[in-house]
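**Student:** Per the numbering used here, the very first residue in the sequence shown carries number 1; after that it's consecutive.
Because the hints were derived from the structure by calculation, they are not lab data.
Some hints here could point you the wrong way.
Simulated pairs of lysine-lysine, DSBU-like, Cα-Cα distance not exceeding 35 Å [to be verified]:
#1 Lys312 x Lys403
#2 Lys399 x Lys95
#3 Lys223 x Lys400
#4 Lys157 x Lys281
#5 Lys241 x Lys447
#6 Lys443 x Lys281
#7 Lys456 x Lys441
#8 Lys447 x Lys400
#9 Lys447 x Lys92
#10 Lys157 x Lys92
#11 Lys2 x Lys395
#12 Lys196 x Lys281
#13 Lys400 x Lys241
Pairwise CB distance ranges (calculated) [claimed, not checked]:
#14 Gly142 x Phe46: 36 to 42 Å
#15 Lys223 x His19: 20 to 26 Å
#16 Ile96 x Ser378: 34 to 40 Å
#17 Arg9 x Ser418: 16 to 22 Å
#18 Gly316 x Glu396: 26 to 32 Å
#19 Tyr117 x Lys241: 43 to 49 Å
#20 Phe434 x Gly397: 17 to 23 Å
#21 Pro262 x Lys75: 55 to 61 Å
#22 Lys2 x Gly397: 54 to 60 Å
Values in this document were obtained by computation on a predicted structure and should not be read as measured data.
The C-beta atom is built at its ideal place from N, Cα and C for all residues, glycine as well.
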Amino acid sequence: MKKGIEMIRRYRMIEEGDHVIAGVSGGPDSVYLLFLLMQYKKSVPFSISVVHVEHGIRGQESREDAQFVQQLCRKMEIPFFLFEVDAQKEAKTKKISTEEAGRILRYAAFEEACRRYGGNKIAIAHNEDDQAETILWNLSRGSGLAGLCGMQPFRGKLIRPMLTTSRTEIEQWLEENEIETRQDKTNLEEIYTRNKIRHQIIPRLRDGINAQAVRHIAEAGQKIQKAEAFLQKMTDQAQAKCLERSENSARIRIEPFLQQEPIIQEYLIRRAVSEVAAGLKDFTNRHVEALLKIACGAEQGQTNLPGGVTGKKEKGFLILAQAGVRCEKKKNIFIEVPVPGIVQLENGTAEFTFEEMKCQRIPEKSYTKWIDYDTIKSRLILRSRLPGDYLIVNKEGGKKKLKDYLIDMKVPREERDSVLLLADGSHILWVVGFRISESCKVKEGTKHILKIKITKENKNGTQD
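Whole structure, please, built from the sequences with the hints as guidance.
**Tutor:** Below, the structure written as structure tokens:
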């Protein structure tokens, strides 16, 4: 279990006082996960609860899985919670595969368990072989680099401490310790694409090319994750020059767009499409190439994309919009902030000063904020919103899309593009008039405090 313990420590997945919701099906991987968590608990005190999701697919066999997990939890003195879902009904309703429906319902159950029982982490039993299978699956579908990263070890509430532990190592440990598990027979059926990769492709790679093929593929995913993070930062810088957006559309200015490196062009396209289509499901390199062809062409063109999005060239812009939506140009704000200094706004000023707080409590004001200056990673920008914007909304580093936050705050759709933002790349430090990001809040140990004061001019003078 050494690898799993090292992963938990390396990524600080679990800290003292956490409440971890562990997804346990009863199979070898999830049972191993449960024992791994119990082992780590010996050195770091935290709570564990188990959630078992019964998908309503395999009848009596599935119910026996639930009973097995319940008995295991009783023996280990761990709280057990059963969630029953109907994956086949969900698949029919949403017109997706039963496999995909099961995955969606499973994660929804984990989130619901967190809400009901106070969990702040969700532990998933994906292992090194699963990582390699994911990368190969995404590669075969024409995924971008983000898909070739594979699964993230730690994202929001989700933790995957077994991504460097192979299936062989898991099975060997269970056998040596005489631990019983269940076997989901659907994992052996090759009607599922993932199972074909698991039972046909992976064995041929391992036996016919390199015995360490799975490990090498998973390690390549880790390297691609680092490259992906760097390219996202480069895209943050490029999008300020190239992207304009409205509620249901995004406009890419073709002239500066074509001056970017080809890989950044692709990233800009993917980011814009993701915002308009609410994701990149079924969006592949073929669609990227179609949009690049339109952008580079001398004539006007149009193409249909997944998610009900159309792409077309018009008056120097590559326009991505929901079908039937008219794209209206919005006036964008983009001002690089001098620190310290004063910025002139259309209807007021923004003043940036360093300040030494003489009181313990930070005042609560809508248009004056104090932030930890040392948390800022790049140059500060006052601007309008862009695709990919997000806030950190809790101490665990959980992210929320800016669009979702504005919806939650009931900001009218027609006003969302007018909301002023203080940004560090795609990370929104302050939604002016609303909240600041959790990660930049002043805390004990903060060395440099930046005070930002927005003064608005109106008919009666000024207001803070």
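**Student:** Does each hint hold? Answer for all of them.
**Tutor:** Here is what the structure says about each hint:
Annotation: proposed proximity of Lys312 to Lys403 holds, straight-line Cα distance about 24 Å (limit 35 Å). Between Lys399 and Lys95, the direct Cα distance comes to roughly 29 Å. Compliance with the 35 Å bound is thereby established for this hinted pair. Distance hint between Lys223 and Lys400 is fulfilled; the C-alpha atoms sit about 26 Å from each other, no more than 35 Å. Pair hint Lys157 plus Lys281 holds up; C-alpha atoms about 22 Å apart against a cutoff of 35 Å.
Taking the CA atoms of Lys241 and Lys447, the gap is about 33 Å. The hint holds against a cut of 35 Å. Pair hint Lys443 plus Lys281 does not hold up; C-alpha atoms about 39 Å apart against a cutoff of 35 Å. Using a Cα cut-off of 35 Å, the hinted pair Lys456 and Lys441 holds, with the two alpha carbons roughly 23 Å apart. The straight-line distance between the Cα atoms of Lys447 and Lys400 is roughly 27 Å, inside the 35 Å bound, and the hint therefore holds.
At most 35 Å may separate the alpha-carbon atoms for a hinted pair to count; Lys447 and Lys92 exceed this at roughly 56 Å. Distance restraint check for Lys157 and Lys92: the Cα-Cα separation of roughly 29 Å lies within the 35 Å cut-off, and the hinted pair is therefore satisfied. For the suggested pair Lys2 and Lys395, the alpha carbons sit about 28 Å apart, so the restraint of at most 35 Å is met. Pair hint Lys196 plus Lys281 holds up; C-alpha atoms about 21 Å apart against a cutoff of 35 Å.
A hinted pair counts as satisfied when its Cα atoms are at most 35 Å apart, and Lys400 with Lys241 qualifies at roughly 24 Å. One distance hint, 36 to 42 Å for the beta-carbon pair Gly142 and Phe46, holds here, with the actual separation near 41 Å. Between Lys223 and His19 the beta carbons are some 33 Å apart, a value that contradicts the proposed interval 20 to 26 Å. Between Ile96 and Ser378, the C-beta spacing of about 39 Å keeps the proposed range 34 to 40 Å intact.
In this structure, Arg9 and Ser418 break the distance hint of 16 to 22 Å, their C-beta atoms being roughly 45 Å apart. At roughly 43 Å, the beta-carbon separation of Gly316 and Glu396 lies outside the given 26 to 32 Å, and the hint is violated. For Tyr117 paired with Lys241, a C-beta distance near 47 Å keeps the hint of 43 to 49 Å intact. A C-beta distance of roughly 20 Å is found between Phe434 and Gly397, which places it inside the suggested range of 17 to 23 Å.
Between Pro262 and Lys75, the C-beta spacing of about 57 Å keeps the proposed range 55 to 61 Å intact. At about 26 Å, the beta-carbon gap between Lys2 and Gly397 misses the expected band of 54 to 60 Å.
Consistency with the previously given hints fails for numbers 6, 9, 15, 17, 18, 22, ordered from lowest to highest.
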